[in-house]
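Each protein sequence line maps, in turn, to chains A and B.
For the first sequence, the numbering used here gives the first residue as 18, with consecutive numbering after it.
For the second sequence, the numbering used here gives the first residue as 582, with consecutive numbering after it.
Read the hints as simulated data drawn from the structure, not as lab findings.
Here the structure is a predicted model, which is why all the values come from computation and not from measurement.
It cannot be assumed that every hint is accurate.
As the list claims (entries may be wrong) - To give a feel for the contact side, a few chain B residues facing chain A, derived at Cβ under 10 Å:
| hint | residue |
| --- | --- |
| 1 | M698 |
| 2 | M700 |
| 3 | G702 |
| 4 | M703 |
| 5 | T779 |
| 6 | P844 |
| 7 | S878 |
| 8 | Y879 |
| 9 | R1048 |
| 10 | P1049 |
What the hints assert, rightly or not - Some chain A residues flagged as far from chain B (calculated, every beta-carbon gap over 12 Å):
| hint | residue |
| --- | --- |
| 11 | M90 |
| 12 | F143 |
| 13 | C198 |
| 14 | D304 |
| 15 | I408 |
Stated by the list, open to error - To list a few chain B residues with every Cβ distance to chain A over 10 Å, as calculated:
| hint | residue |
| --- | --- |
| 16 | D839 |
| 17 | C870 |
| 18 | K1107 |
We put the CB at the ideal spot given by N, CA and C, even for glycine.
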Amino acid sequence: MYHLKDLKHLIYFEQLLEEANNELVQQAQAEGKLAIGYTCYHIPEVLLNLGECFSVRLRAPRTGSIDMATYYMSNYTCEFARALVERGIEGGYNFLDGLAGVDACSMMNRFYEHFEILKMNEKPKFFVTHVDVPFKIEDYTVRQYVKQMRVRLLKYMEENYGVDTSDEAIRKAVEEHNEVCRIISEIGELRALENPPVTGYEFHVLNLVTYCCPKYLILPKLRETLEEIKARALDPKPWYRARVAIVGSEIDDPSLTKMIEEAGAFVVSDRYCYGSTPGREPIALRDDEDVLTQIVRHYMTTSECARYISDEKVQQRRDTADALAKKFHADGIIYEQMKFCDYWGFERALVSHIMNEEYGWPVLSIDRPYNARTSGQLRTRFQAFVESLEIKRIQKQGGKQ
Amino acid sequence: MAKAKYPNPAFWREKDHIDWKAQAKNLKEVGGIIKDMVKETDWRAVGARWKGNLLATRDRVADEAKAVAGMTHAERVDLLLHGEKHLGRLYRSGCMATVRREWRGVGDTAYDFYEWMRMWGMFLTTFGRDLLPALNSTLYYRWAISYFCAHSFMDKNTMGQRGSALRMSHLMIYDIFRYVAENLVFLSKCDARNGNATELNKKVVLFDEMTMGQIMAGFPDLLGIPYQLLPVFLVSEVDQLTCVPYIDAIESFGLPADTCPVPSSECGAIVIDALPHMGSCFISSSMPCDGSTMASSYMARRFPDLPVFHLTFPVRYEYEETVEDAAEDIKHCIRFIEEKTGAKWSWDAYFAAMKRFNRETSFELQKWEVNQTPYPQIIGPCYELFRKWNYEMDGGIDPRVMKTFEKVNKIMLRAYERREEAWRGKMKYRGIVWSCPAHYYANFSNWIANCWGVDILVEMESLNFTRPMETEDTETALHDLARLYERMVMRRHTNGGYHNVVNELWRQCEIWKVDLIIMYQNVACKNMATLQGILDEQARQKNYHMIWIEHDLMDPRTVSRRAMRGKVNEYMRTVMGAEPVDPSLVEFEDDTTW
């Protein structure tokens, strides 16, 4: 394991991830701000940070039993969606002022719908939206997406809370968003170093915090942490036995990354939902086109969601995985999916073969429960993968260690 | 205007370019396999099995003779005129076919036999139009062999039916199998490994089996084929074990077993190369659900040179602001087909087909009207399959189907006037089927009527778009086409919000005045599974009898037909306190039966 000195705010950040309604969310609401929950990358995060609103990407930390949700959604559906329903029934999202839903994957859509059917939040102005998003990128689908954002998201924010959704307000939100992205990207880039000053676990925590907390409250500590990492004293030699990139469906639990790193693999890249790719690419705005259209196009082009059906997006997903693994000098790729996820179930099965056979990457292909921290089976598979990567490296070096 | 012939006679005339050397090589390979099979067969066991069959037949005949001998004169007359009443006798454990044909009474048996002959005649005539490639398909694809049991499929779907109900069922299933036979020949002609009709291939537009066929109505010079329909979807209804090797193949490849067996089977068919190599382009689709969306990347992987258009529709189809977007996608799809085939879209042809489709829909609505009365007439699997096929695949394109609608309508109205019973002497409960049905048990509604007297008046997959399609204005027509596609079978209910499947069920229960809800529970359908609790809870609040029946669409190994029946038996006995109409059908084994 590594011997890097603990980051000053790491425990604080970890604590923020222990609750959806964390300390900073509460502080922002006490200051009169409005919490808008969301889960999916298809909802542009930056649009939820307009005016007095701030975005909270929903998680269900410390999930234990999901029995109530299983009654409603059966036991062979996405555990993430079920964990959210369970937490919602328990009252864990009562703090929200709105929920920006998207009808992208059926099981997550049913989470939003259960929010409505079971009346999980009774704030008088609380709203749930169901945005319809396209499956491919064409001029007309970009227009369709923009229209949906106006009619099915911004309009709700305007009408329910009087939120300013003007171009100026959007540009202002983009500025703040971009600063978060720049900091996270700068930290993330350090993972490409042979002897990096940040671990995959730490990066995962930092990145998640930016999704789950009001930006203006988390930024000061992020800036400080960036400086701290840059100046961090390094271990005399790299601590890991192998470097891996992760590709796949939603991971909002840093303990999964910790488990992988405990097995000796440094997680150099996080190409999954709730990871930094996509999500932490700054948005470049021009003056010659409608701001909302530019934002929508940014999210469409950066999205790596398996739901995008068109050939170029299918290819993009493979190329992105390859490019990230190369850029961060990975030894192998872990393709993962949340158990019962249809999109990533199909994607993982096919692409884990392609990345190995055509791109030449050693690939570990796994499905996993939402709550993966206690899975001995996964730990064993990670350990075996690390060993196989080490053996490959030794073979490559002609048997010399 | 000259009456259009269907299918376009030019398609039949296109020449095959069979690679005879390749056929000889394949024949040699198949011959080797047969030789190995013969060598490896335990002929003693085969002999013992035949002996067992003969003894069982002897016992059955003796048993039946004894039963007849024990009947009163009136019962014998009834048997002679109206047929047998203990249909469980037709099944024998471990057998693929029933032990004999059903005795339906003198008149109905004669009619049934006539339809049996008519179907054979149609098969032979159709295959005879290009016999060699059609027969050759059986040497390449195991699914092609399964179509030899099409007659068994017809028999089991009409089991227990008499009089008008039997006649209507036969008329409808004939049309489906005519479509099957014609498309089987076209698949065989086009397949590069088989008929290799290169000119015909230029006219063939393949589309995903989950995509409706109406878009092809505007291309009368092209042949639209739902690509996986015959090798995967429909054949799994005919022979319950056909998709098992596909599912095993794709799961060995790495696909999780919890995914929907429809796209899983499609992908598995690709993995084991069970789909013909053919066509000028492919229309993939995001419908009806997440799994289907993902299957398209497997298709692209297998056939990288086949140009693909991804037809994708808004999921929240009730949002009026999305209709234009869907229509735009259809426009692009039409343009794509024009570019890839050189054909021109014809509004005249499209409108002509839609006029037929509208009339067919009005006939359909009449059926619903009759079935909503205390004297339902047209029920059972043939009708259920016909409705789906007509709505999804035919869509008014084939003018011959209109005659069937007219004949069926005439029989139905006459039967209604006479207050006939769809299942003579058996009707006890009014039922509705909700959610997606098991493919390997297409005749489930037939069994439940024969065994327990539950008449399935309608099923969810029939209740789709019934608004007349625009037949004059082109822009409005595209919008209507988009609305139609968005409300395809399954998607109409499982997409666009829970109210489409939950609230809609309670609404339909009122309309059809049902006593009983048969709630299919496809163990891999995430769209339905995620509403299980809500449906259960609300059914209790509304005091509906709801029987949950698990199944796994195309994989009878997960839940067998017998296990499905067990759920009904248990509920009917314990909750309803009912007695079976035909006790011989309560318990029997049909795990390998077609």
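How the hints compare with the structure:
1. Hint on M698(B) is violated. Least Cβ distance to chain A is approximately 45 Å, over the 10 Å limit.
2. Using the Cβ-Cβ criterion of 10 Å, the hint placing M700(B) at the interface with chain A is not satisfied: the shortest such distance is roughly 38 Å.
3. Hint on G702(B) is violated. Least Cβ distance to chain A is approximately 43 Å, over the 10 Å limit.
4. Annotation: M703(B) was flagged as interfacial toward chain A, and the flag is violated, the nearest CB pair being 38 Å apart, outside 10 Å.
5. Annotation: interface hint on T779(B) violated; nearest CB of chain A at approximately 25 Å, more than 10 Å.
6. For P844(B), the interface hint holds, since its Cβ comes within 10 Å of a Cβ in chain A; the closest pair sits about 7 Å apart.
7. The closest approach between the C-beta of S878(B) and any C-beta of chain A is roughly 5 Å, which is under the 10 Å cut-off, so the hint is satisfied.
8. Evaluation of the Y879(B) hint against chain A yields a held restraint, the C-beta minimum of about 6 Å falling below 10 Å.
9. With its C-beta approaching chain A no nearer than about 21 Å, R1048(B) sits outside the 10 Å limit, and its interface hint is violated.
10. Because the smallest distance between the Cβ of P1049(B) and any Cβ of chain A comes to about 26 Å, over 10 Å, the interface hint for this residue is violated.
11. M90(A), annotated as away from the interface, has a beta carbon of chain B within 12 Å; the closest lies near 4 Å.
12. Interface exclusion of F143(A) from chain B stands, the closest Cβ pair being 18 Å apart, more than 12 Å.
13. Non-interface call for C198(A) relative to chain B: holds, since the shortest CB-CB distance, roughly 29 Å, exceeds 12 Å.
14. Once the 12 Å rule is applied to beta carbons, D304(A) is consistent with being away from chain B; the minimum gap is 28 Å.
15. Separation of I408(A) from chain B is adequate, the least Cβ-Cβ distance of about 22 Å exceeding the 12 Å criterion.
16. Under the 10 Å C-beta cut-off, the non-interface status given to D839(B) relative to chain A is violated; the minimum distance is some 5 Å.
17. Annotated as non-interface, C870(B) brings its C-beta within 10 Å of a C-beta of chain A; the closest such distance is 6 Å.
18. For K1107(B), the non-interface assignment is contradicted: its Cβ lies about 5 Å from the closest Cβ of chain A, within the 10 Å cut-off.
Consistency with the previously given hints fails for numbers 1, 2, 3, 4, 5, 9, 10, 11, 16, 17 and 18, ordered from lowest to highest.
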